[in-house]
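Build out the structure end to end from the sequences listed, making use of the hints.
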Amino acid sequence: MAPWPEVDKPETNNYIGDSSKQNQNMPGKEGENHKGNAMASLGNKVEIQPAFSTIALIDETSPAEDPWALPELQDTGVKWSELDRKGKIIRVLYGIGKFIILLGLLYLFVCSLDVLSSAFQLVGGKAAGDIFKDDSVLSNPVAGLVIGVLVTVMVQSSSTSSSIVVSMVSSTLLTVQSAIPIIMGANIGTSVTNTIVALMQAGDRNEFRRAFAGATIHDFFNWLAVFVLLPIEVISGYLYHLTNVIVESFHLESGEDAPELLKVITDPFTKLIIELDKSVINAIATNDESAKNKSLVKIWCVTETNVTLQNVTIPPSENCTSPDLCWSAGNVTWTMRNISETEYISKCRHLFAEADLPDLAIGLILLALSLLVLCSCLVMIVKLLNSVLKGQVASVIKKTINTDFPYPFTWLAGYLAMLAGAGMTFVVQSSSVFTSAITPLVGIGVISVERSYPLTLGANIGTTTTAILAALASPGSTLKYSLQIALCHFFFNVSGIILFYPLPFTRLPIRLCKSLGNITAKYRWFAIFYLLVCFFLLPLFIFGLSLAGWPVLLGVCLPLFALCIAVIVINVMQSKRPHSLPEKLQNWDFLPIWMHSLEPWDNMIMSALSFCGKHCCGFCKCCKVNAEQEGAKDKQLKTMEVYENTIAMADEERGVRRAPAAACVEKTGTNNTAL
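In the UniProt record's numbering, the protein residues as written are 1 to 675.
No lab work stands behind these hints, which were simulated from the structure alone.
Certain hints may be false.
Pairs of lysine to any residue, SDA-like flavour, derived with a Cα cap of 20 Å [unchecked claim]:
hint: 1; residue 1: Lys294; residue 2: Ser279
hint: 2; residue 1: Lys347; residue 2: Leu276
hint: 3; residue 1: Lys98; residue 2: Leu108
hint: 4; residue 1: Lys514; residue 2: Ser495
hint: 5; residue 1: Lys383; residue 2: Leu106
hint: 6; residue 1: Lys271; residue 2: Cys301
hint: 7; residue 1: Lys514; residue 2: Arg524
hint: 8; residue 1: Lys79; residue 2: Ser387
hint: 9; residue 1: Lys292; residue 2: Arg337
hint: 10; residue 1: Lys576; residue 2: Tyr501
hint: 11; residue 1: Lys278; residue 2: Asp359
hint: 12; residue 1: Lys522; residue 2: Ser610
hint: 13; residue 1: Lys584; residue 2: Gln574
hint: 14; residue 1: Lys584; residue 2: Ile605
hint: 15; residue 1: Lys294; residue 2: Glu343
hint: 16; residue 1: Lys347; residue 2: Ser387
hint: 17; residue 1: Lys522; residue 2: Met606
hint: 18; residue 1: Lys271; residue 2: Ala361
hint: 19; residue 1: Lys347; residue 2: Thr335
hint: 20; residue 1: Lys298; residue 2: Ile345
hint: 21; residue 1: Lys294; residue 2: Thr305
hint: 22; residue 1: Lys278; residue 2: Cys348
Remember, it's a predicted structure, so these values are computed and weren't measured experimentally.
This is the structure we're talking about:
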């Protein structure tokens with residue numbers, strides 16, 4: 001017989017025996033009457049003390065877990081000191097093998113990003129060139145901004161969209177002032193890649209929280225910098241005037257080709273898969289009608305162009321090149337002109353050189369394959385890093401990356417991280433590759449979100465230095481414009497860093513990305529919604545309004561912008577000073593719940609997904625696995641449930657449902673204080 005636990009005073013009346021066990025030897029009505037009398041007498045004499053749940057006490061004493069705290073990657077294997085010589089050799093060989101596999105996976109990861117960019121260009125490259133053709137729209141800075149976002153998302157390369165802009169400026173189809181908002185938009189569009197990479201870590205809630213925050217910190221920095229600097233540039237033109245003074249102060253000459261560090265390693269592999277003729281997109285953007293029927297897939301890799309002076313006929317109304325080289329023979333006018341002829345020497349050796357498929361079909365095939373390889377590499381990289389970064393190795397890496405210098409030099413660590421990010425981006429020559437590579441590290445807890453911020457800012461600087469070197473290698477006709485646009489990109493990022501990094505309270509992207517990370521960890525579908533809205537639907541909406549002209553654009557966007565500002569201000573005041581607001585505005589309860597909570601939307605989406613899982617993909621094991629997990633969770637909760645006495649537990653086991661008036665026994669969960 002187990003006594004009730006002693007609560008306050010060790011009095012004998014505080015101990016009550018198990019009445020069901022006492023009455024086992026009393027048959028029939030006599031036992032029941034005796035039990036009833038005993039319980040009544042005990043109820044009159046003894047006040048039953050409330051019992052306490054040990055589970056609840058454990059839960060209450062444990063501190064609340066910070067979801068943003070970096071997890072401890074503990075080493076669960078055998079310690080090094082406990083291994084014999086053979087075990088140590090095997091562990092060293094395993095470590096070397098894992099390192100080699102990690103390098104191979106990183107190589108495939110970078111190559112898949114390159115192929116993904118080519119696939120996007122095949123799918124939407126010509127459409128991107130057509131977007132750039134409308135000069136009247138490009139003169140609108142807001143339209144230029146969203147065009148830069150859309151084109152960079154479509155071709156998955158800010159360098160490609162920048163080269164299109166340079167070609168248009170050098171051919172006088174676009175002014176440098178009109179090109180600056182497009183470059184700002186390209187800066188935003190290039191951050192979509194690491195946001196897509198973060199979606200691959202949606203399996204673990206806390207990993208997804210950190211990974212998505214680490215990816216979207218780049219988005220928030222770019223959007224905030226554009227919101228502040230674009231109006232300043234439109235009003236003052238400071239980027240144009242600053243870069244123009246710098247370009248005019250140097251006597252620029254065409255240089256050698258810019259150094260290609262990572263391309264030397266990845267090109268031999270990616271060129272076996274696909275090669276593109278990017279000049280087709282530039283030709284479409286510069287109104288070359290003959291380029292519309294050309295394929296982006298490069299067929300001939302080795303060609304030779306010969307220029308010869310030939311006699312050609314011209315219409316009589318057309319002026320001759322010079323009086324000496326122009327003559328008439330009857331009704332025909334002849335002149336001499338330089339005619340270029342291209343000789344095709346050798347075909348390319350990639351997979352689609354002989355394929356008789358349209359660009360769209362090839363792009364979709366490469367898009368599916370590159371995403372499959374990208375996701376597979378990312379999953380294996382995360383698992384491999386989880387197995388490698390444990391114990392002392394993880395602690396050393398985390399301390400090296402995340403530790404600040406002692407006071408008064410604590411501010412210096414962030415700028416060194418920024419310098420490291422710029423250097424690594426210069427080596428890989430792509431900010432998308434670098435930020436996509438650190439996203440899984442943020443997810444598994446090796447790099448903190450706070451430290452990923454200066455690394456990302458450094459990546460923005462590193463990619464602009466690469467663009468400046470590439471601009472210096474441009475031919476003489478485009479050298480000035482390409483360098484000025486690259487310098488505009490550089491000073492735009494530097495201005496954004498000055499605004500949103502030096503002082504801790506100005507680092508708004510960190511707070512915003514953490515808020516978004518908390519939302520996406522709770523409602524994971526919101527990550528896809530955010531991706532679609534920020535990089536597709538919102539730019540398309542603004543672009544459609546810009547086609548209608550300034551009056552329509554301002555008439556729709558200004559009220560919406562004012563409404564957003566008002567909502568943000570009210571939210572801040574609700575959290576900081578709610579009493580300063582009218583009573584009705586101290587919360588959003590006066591609105592329908594679907595307007596101020598994601599819970600109804602989540603229920604609707606989950607219901608739709610569960611219906612689809614039952615009726616559309618019943619053969620899939622994932623639905624059964626989820627059902628089994630939910631059942632195991634319910635069973636675990638049921639074993640943790642406790643009751644006020646053993647009679648209620650016995651009745652529950654027999655499946656007997658007693659009336660509340662007769663039993664007055666209330667079922668309690670683990671969050672109550674009863675055992």
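Here's how the hints hold up against the structure:
| no. | hint | verdict |
| --- | --- | --- |
| 1 | Lys294 x Ser279 | holds, 10 Å |
| 2 | Lys347 x Leu276 | holds, 13 Å |
| 3 | Lys98 x Leu108 | holds, 15 Å |
| 4 | Lys514 x Ser495 | violated, 23 Å |
| 5 | Lys383 x Leu106 | holds, 13 Å |
| 6 | Lys271 x Cys301 | holds, 11 Å |
| 7 | Lys514 x Arg524 | holds, 14 Å |
| 8 | Lys79 x Ser387 | holds, 15 Å |
| 9 | Lys292 x Arg337 | violated, 26 Å |
| 10 | Lys576 x Tyr501 | violated, 24 Å |
| 11 | Lys278 x Asp359 | holds, 13 Å |
| 12 | Lys522 x Ser610 | holds, 17 Å |
| 13 | Lys584 x Gln574 | holds, 11 Å |
| 14 | Lys584 x Ile605 | violated, 30 Å |
| 15 | Lys294 x Glu343 | holds, 17 Å |
| 16 | Lys347 x Ser387 | violated, 45 Å |
| 17 | Lys522 x Met606 | holds, 13 Å |
| 18 | Lys271 x Ala361 | holds, 18 Å |
| 19 | Lys347 x Thr335 | violated, 35 Å |
| 20 | Lys298 x Ile345 | holds, 13 Å |
| 21 | Lys294 x Thr305 | holds, 18 Å |
| 22 | Lys278 x Cys348 | holds, 15 Å |
Hints 4, 9, 10, 14, 16, 19 from the list above are not met by this structure, while the remaining hints are.
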